[in-house]
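Required output: the full structure, derived from the provided sequences and hints.
What follows is the residue order along each chain.
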Amino acid sequence: MTNNIYQFFFIYLYSIITLFLLAVIGDFVSISIFLSKNIFIYKNIFLYCFIYAICFFAIRIIITNQVSNIFIFIISLALSYFFLLNKEINAYQLLIILSVLIAFNLLLQKYFTAKNFSNFLFEVSFLKFLKTNSLIFFSFIIIFPFYLMFVSSLKSQMILLQNPTDLSIPFFYSISDFFSSYIAVITQYNFLNFALNSTIVSFVTVFVSLFFSIPGAYAVARLRFAGRSKISSSILIIYMVPAIVLVIPLYVIFSQLGFRNSLFSLMIVYPATTIPVALYMLQGYFKGIPYELEESALIDGCSRIGVILRITLPLSVPAILSVSLYVFMIAWNEFLFAFMFLDNQEYFTIPRGLYTQLDDQEVPRQYLMAGSVMITVPVLLLFFIFERYLVGGLTAGSVKG
Amino acid sequence: MFNLNKEAKLAYTMLIPTISIVFLIILFPIFGNFWLSFKEVKLGDLRAPQPIIKEKLKTKDIEPGDDILIEYRFKNSSQKKPIFNIKITDKISEFISPVEITEGCSVNNNLLSCYFEEWKPKYNEKIIFKFKANDNFEIDNFNPKESKPRGVADADNILTNLKFSLKNFQKILQKNETIENIKVTFLYSFFATIGALLLGISAALLLEKNFLGKGFFRGLFLFPFVSPVIAVAFTWVYILDPFKGFLNNYLLNNEFISEPIFFLGLKKVDFLGFEFPFTLFIVILFESWRYFPLAFLFILARLQAIPKDLYEASDIDGATKIQQFFYITLPQLLGVISLLFILRFIWNFNKFEDIFLLTGGNAGTRTLTVQVYDEAFALSNMGTASSVAVLIFILLAVFVFIHQKIAPKDIEE
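Chains A and B supply the protein sequences, listed in that same order.
According to the working numbering, the first sequence holds residues 1 to 401 in order.
According to the working numbering, the second sequence holds residues 1 to 413 in order.
No incorrect hints appear here.
DEER-style ranges, computed between Cβ atoms: (1) A/Ser234 / B/Phe326: 37 to 45 Å; (2) B/Asn134 / A/Asn190: 47 to 55 Å; (3) B/Pro260 / A/Gln256: 41 to 49 Å.
Keep in mind the hints are simulated off the structure, nothing from the lab.
For each residue, glycine too, the CB sits at the ideal point set by N, CA and C.
Right, here's the structure in full:
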């Protein structure tokens with residue numbers, strides 16, 4: 001009995017804290033989805049509570065797959081919609097709201113007491129509370145900057161200056177207004193040229209890197225030779241060498257040789273910095289391929305090169321794919337070398353172009369954000385399509401970052 | 001069974017291209033960096049001194065048989081260094097023949113060639129050459145500028161000569177800034193690593209169990225890491241902007257603050273009596289945000305490899321979840337956490353772009369890597385820049401040594 005009372009108070013307190021603690025997030029979400037004006041936290045606290053509850057239960061549905069959550073989710077959704085329609089609330093409505101809140105809390109209580117965990121109730125409910133809120137927290141801190149980047153890129157200069165906290169997507173714009181920043185960045189700032197340069201450099205980097213690292217990785221993984229262990233351990237040390245230590249001498253050497261200000265200079269440097277990682281990732285994968293397959297082919301009279309081309313490579317397509325994606329991403333995102341080596345606008349890669357052309361107080365912020373969206377989208381698209389391979393690659397290669 | 005010697009030969013042939021490109025672009029520049037750090041090289045010294053030659057026609061209205069004056073201007077491009085063994089060649093028109101030519105020059109087969117032993121710094125002289133128009137002279141086809149005069153010369157190249165000095169190191173060590181920067185670099189690397197690890201552990205614990213949307217969250221959590229640094233850095237700069245930015249306007253509208261906060265421009269804030277490096281703290285937060293996904297992935301992989309029996313056994317013994325975390329999960333993760341700590345620490349130590357794009361090294365966030373850039377391109381001193389880079393390299397070598405001592409087994413996993 002005492003346990004139940006204790007339980008009840010805890011859960012009551014807990015649901016109140018849950019609702020109020022991250023009401024701020026509800027605020028952000030509500031502004032961004034529904035409204036295009038400022039909302040003050042104090043005035044609309046109930047609205048935020050329910051919007052927060054939507055997030056909370058949406059995530060609990062995902063985590064637990066329990067139907068009972070869907071019920072609460074729908075109630076919160078309906079209530080927040082109701083609040084949106086009635087922006088001014090009178091005392092009568094407030095009473096309804098309060099009673100609904102209490103009912104809502106009772107529902108919560110029912111949900112949390114449904115399972116039988118009498119001993120560790122406090123701890124388990126606390127952890128659940130923590131877990132759901134943390135998921136909201138993490139999703140929020142990750143999505144918010146990207147969302148803001150995207151929304152700002154769609155706004156006109158005037159709206160952006162008038163109301164920087166407006167997070168709504170301007171659906172009421174015509175199509176040409178909607179993408180006006182993108183059009184401006186492409187037409188006025190030569191963005192397509194940068195994109196072309198970036199694409200060329202990235203693809204060349206991937207091919208060169210694979211071309212060098214596949215034989216190297218095979219040798220380290222499969223062949224016996226003096227110094228093999230030394231090579232495999234020095235691979236890791238090499239990719240801890242900081243780029244800043246390389247950039248000054250390379251700048252000097254390339255200036256002397258006269259190919260500093262060119263895409264060619266990047267096409268040499270990028271593969272060289274990615275080859276050790278690629279080699280490390282690939283040799284790990286090659287080692288995992290059963291040696292019996294290769295051995296039988298060797299006994300049947302196939303040459304080493306034949307074995308590599310006919311057995312090892314076809315079997316390691318996933319690894320090669322993940323290495324290529326990873327190398328592509330490094331080359332696409334790289335800033336330091338491009339920044340130091342390139343002076344001529346004609347050869348700018350996207351990061352270099354963004355830095356010089358758009359990072360200027362004179363240039364409207366929405367252009368900068370549009371440029372940022374355009375450099376981010378290809379990477380995130382690739383990442384989403386090939387996520388499985390990339391995640392495998394990232395963990396296998398103990399990635400440089 | 002197989003011929004070992006042949007196998008080793010094949011291995012070397014397969015490895016040689018890789019080793020040579022790594023040697024050329026990574027090991028050789030490291031050596032080059034040490035070399036430069038002992039030389040007083042300025043950005044301007046990268047262009048070697050050379051002779052500059054210009055020609056100009058002084059005579060007008062030429063008829064066949066007339067004298068033609070052509071003025072050559074000889075100049076040493078360097079203001080400070082002499083050049084030696086200057087050789088100049090210039091093709092001259094077939095319609096003219098030499099009459100009077102300065103000492104050191106001669107004309108052979110319509111080719112003017114000159115040789116000078118030495119031009120002093122700032123050497124700049126106009127010399128008039130006298131030619132005579134031949135009988136077949138055609139004014140329309142005569143153009144003395146049709147071929148550009150070429151000049152080659154030897155100069156003392158500061159990059160390749162064998163003069164070394166310790167002045168660069170003296171210079172950077174005498175700067176108070178350097179000691180401050182080392183401190184900032186350590187603070188930054190240490191706390192950004194801790195931040196990324198803490199966030200990474202929490203995120204991994206959240207996604208430990210399988211549920212419907214797990215793949216989605218795992219993908220989402222990797223966003224900050226896979227996105228281009230320039231895009232995310234600009235976005236955060238924009239969010240934190242004191243006037244146009246979202247955060248300040250949001251706080252102002254809600255009256256949480258009365259005037260904008262310069263998130264990326266406040267070196268020190270008084271906090272309970274001691275000076276709190278505010279902007280450094282913001283940069284550390286950014287860094288933790290951007291790099292927690294890596295820690296998250298590693299720890300998640302390790303978490304899922306922990307044998308389930310451990311938890312079942314402790315359940316039977318009556319352990320609570322929190323006890324399980326501290327007595328089972330954490331000890332199991334300790335290996336991967338310590339490995340991640342040292343890796344992340346080293347990479348944060350090497351980081352340049354993030355701080356450079358966020359603050360440009362201002363407001364108490366100048367790390368050693370940003371100092372390298374500033375020395376090289378703001379102060380145009382390649383020598384001191386290299387010596388700061390050497391400093392970074394030496395500190396790093398110590399960390400890598402520690403890393404090799406701590407975690408050789410974990411890497412093989």
